[in-house]
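> I would like the entire structure built from these sequences, with the hints used as guidance.
Top line first, the protein sequences correspond to chains A and B. Be aware that the first sequence starts at 13, since it is given in this note's numbering, and climbs by one per residue. Be aware that the second sequence starts at -4, since it is given in this note's numbering, and climbs by one per residue.
Just so you know, these hints were derived from the structure itself, not from any lab. Hints are not guaranteed to be accurate.
[Claimed, not checked] Quick look at which bits of chain A chain B covers, simulated, 3 or more residues with Cβ under 8 Å: (1) 89 to 98; (2) 115 to 124; (3) 134 to 146.
[To be verified] To give an idea of the interface, some chain B residues facing chain A are shown, with a C-beta separation under 8 Å as derived from the structure: (4) G61; (5) K116; (6) R118.
[What the hints assert, rightly or not] With a cut-off of at most 20 Å between alpha-carbon atoms, the simulated SDA-like pairs for lysine to any residue come out as follows: (7) A/K37 with B/R114; (8) B/K116 with A/D24; (9) A/K138 with B/N66; (10) B/K81 with B/D108.
Every value quoted in this text rests on a predicted model; they were computed, and no experiment measured them. Beta carbons are placed, not taken as given, at the ideal position from N, Cα and C, and that holds for glycine.
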Amino acid sequence: MATEKKTSRWVDAISSMIELTQDGKLLWSVKGTANTPYDKERTTSVFETKYKDRALRLYQIRVPSNIGGGMLTIAYTIQGVEPPKWFTKVILEFIDSEGRALWTFPEVDALSDLLTSVQYQVAGVKDFLDTIISEARGAPKALATRARDVQPEYRKRGQALDAIIQIVDDGNLSESERLKKAKAAAVDALLTSEF
Amino acid sequence: MFELERLASLLTLTDIASIASLISLAVSIYVALSLRTIKKKYIFRLKAPEFMKALTKHASVLSTYGDDFENSIQEICDELAKVDVKLRTMKGRMRGASKKSVKQLRTLIKAYDKDSNDRQKFRLIYRGIQRVIVEVQESREELNLE
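This is the structure we're talking about:
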């Protein structure tokens, strides 16, 4: 029971990290050269972030499955499937200022979801999709709020863009009203924010 | 001893047969219930890995939708419908904490259905799925020890 509670705690922690990443409150970056203990086995880029003065590193490695015999091999044979040679494992660890691993999180399924969210954020998929869809529709919605806009230092910019988008999307307004209001919001944003 | 002898002299063969029938009925009910429990346990043990795998997959899909929540509400509802079907099927085969978690998760899904724009409710579902996965895993390990 104690183990179960502990595992749930890890799951909750990883779920919170996913939420913070999706909200743009936890910003990740790709580390070009990372001194990880599994450099040869690594299958993704190395992502790093800082949260409350703690540095975290996230990446995926492949590990040999080591299915040499026994019940598992029989199970695969019955299914007519070749046993996998490799498994993937997502590693999330605390690191020091030199990039040395200090402590690794226990393995939980939610870690791979965290990695997907981080890749989504770092690659800027949301912005790309918003831009390409709005361009295809011919709507001036290329002003999509970026994940960073929810950060304190960019919040005003994000809020201003949100206000403009809201006006542009308002179906109750006429074309001229919309243009007028959007212009006013843009001027207001320019006067009050730092972008 | 005297009392027993007296009781035996009062009982006819029919009475003894009736008592024996009642005892055998009780034993049969006990055996049937035990068999049902064992059957349930074994089916759970067999189905648990497949169930966990499916839930993990659903959780990953939902998490991906969470990256662009505003534009994925319809997809989330569709995915949750599939999750609910799986949970309903598996609930009957579960016991204890796992069963309770599945029940809670289904309540969360119903609550989200009523207000699908609520991101917080959606996030509670994701956490709920992860919790069910952990509990099913634990229950399975416990069964292996029995």
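> A separate judgement is required for each hint: does it hold in the structure or not?
Evaluation of the provided hints:
For the segment 89 to 98 of chain A, the assignment as covered by chain B is violated, since 0 residues bring a beta-carbon within under 8 Å of that chain's beta-carbons and 3 are needed. With 4 residues bearing a CB less than 8 Å from a CB of chain B, the segment 115 to 124 of chain A meets the requirement of three and the coverage assertion stands. Only residues whose beta carbon comes within less than 8 Å of a beta carbon in chain B count, and the segment 134 to 146 of chain A has 3; three or more means the coverage holds. Interface hint at B/G61: satisfied, since its Cβ lies 5 Å from the closest Cβ of chain A, which is below the 8 Å cut-off.
Proximity of B/K116 to chain A is violated relative to the hint, the smallest CB-CB distance being about 13 Å (cut-off 8 Å). Of the supplied interface hints, the one on B/R118 holds, with its beta-carbon coming within about 6 Å of a beta-carbon of chain A, less than 8 Å. Pair hint A/K37 plus B/R114 holds up; C-alpha atoms about 16 Å apart against a cutoff of 20 Å. In summary, the hint linking B/K116 to A/D24 is supported, as the alpha carbons are separated by about 15 Å, within the 20 Å threshold.
Between A/K138 and B/N66 the CA atoms are separated by roughly 10 Å; this keeps the pair inside 20 Å, and the hint holds. With a C-alpha separation of about 17 Å, the suggested pair B/K81 and B/D108 falls inside the 20 Å cut-off, and the hint holds.
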